[in-house]
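Following the hints, position chain L against chain D.
Okay, here's what each chain looks like letter by letter:
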Amino acid sequence: MLIITIILFMATGIFAGYLIRNKNIGIVSRIVTGFIWLLLFLLGMEVGGNERLIKGLYVFGLEALILMIAGVTGSILASWALWRYISKNEQKKNNQS
Amino acid sequence: MKGSLTIVGFFILGIIVSHYRLVPYTNMCSDLSFYALCGLMFFVGISIGSDTTTLKNFRQLNIRYTLLPLMTILGTLAGCIIVSLFLSNRSVSECCAVGSGLGYYSLSSVIITEYHGAELGTIALLCNIMREIVALLCAPLLVKHFGRLSPISVGGATTMDTTLPIITQSCGKDFVVVSIFHGCLTDFSVPFLVTLFCSL
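The listed protein sequences derive, respectively, from chains D and L. Throughout the first sequence, residue numbering follows the UniProt record's numbering, covering 1 to 97 in sequence. Throughout the second sequence, residue numbering follows the UniProt record's numbering, covering 1 to 200 in sequence.
Just chain D, with the same shape it has in the complex:
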């Protein structure tokens, strides 16, 4: 249900943004950056405070890293294939029209 709350916040933001559309709001991107910094700091705190994670990192860190790289590489290649397929198709459509 947390997901719904988050989406509601975003929807409210989109609505509020639409009301003040086409105005110069450079401060918004700076606020977004600030929130990202805060979130990453808190994520770091969660990792650093988790004894199981820190201890596990020494024992299973390499295994986890290998599996992460495998999964990430696989998904990068799969999404790249889809991206190239779609780009090619759109080019064809543009050439025809």
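None of these hints come from the bench; they were simulated from the model. Hints are supplied without guarantee of correctness; some may be wrong.
Here are some, though not all, of the chain D residues that point toward chain L, as calculated from beta-carbon distances under 7 angstroms [said to hold, decoys possible]:
id: 1; residue: Phe9
id: 2; residue: Ala16
id: 3; residue: Ile20
id: 4; residue: Ile36
id: 5; residue: Trp37
id: 6; residue: Leu42
id: 7; residue: Gly44
id: 8; residue: Tyr58
id: 9; residue: Leu62
id: 10; residue: Ala70
id: 11; residue: Gly74
id: 12; residue: Leu82
Each residue gets a CB set at the ideal place from its N, CA and C atoms; glycine is no exception.
Then chain L, alone, in the frame of chain D:
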């Protein structure tokens, strides 16, 4: 690049502060990160809503982008199957169970701990938290070399919350919808996939 380094800096600072108990990690911190996420989404919303060209671009989005969650899952599993051949002490299904966490470290590690014990659960926790960190740090690099879908795919189940702002920044606002759709679908598939591979 400088932006990514600053982000890593804050992440490492958080680890140090909490590990040496300068400020202990309490429930208040996890509440705070939820509120920060809500605030972040509100301001990301404002930047989307105030940009009228974004709304027009939404309608021109290719329907084929809906295939992305499937590509993410198949790609991740393919990678895990290949690498499991080289990890002699882990079975194919164990590797797939860890991989199908798709960055959703809290849920996947809990399910895997239930089925296979704390050891594999810890690996799942580490593996998926690393995936989220890689998605956060490498998004601009990935867009440059592998197209705008790759950061979304690497983000896995986190692309509708924690990694959404980074994806918005590096892929452009047009891909916000793709990212949320992708996050929703992969998010719901994590419990099913992890349970499936655990019971094999």
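State the violated hints by number, sorted upward, taking the hints as numbered earlier in the document. 8, 9
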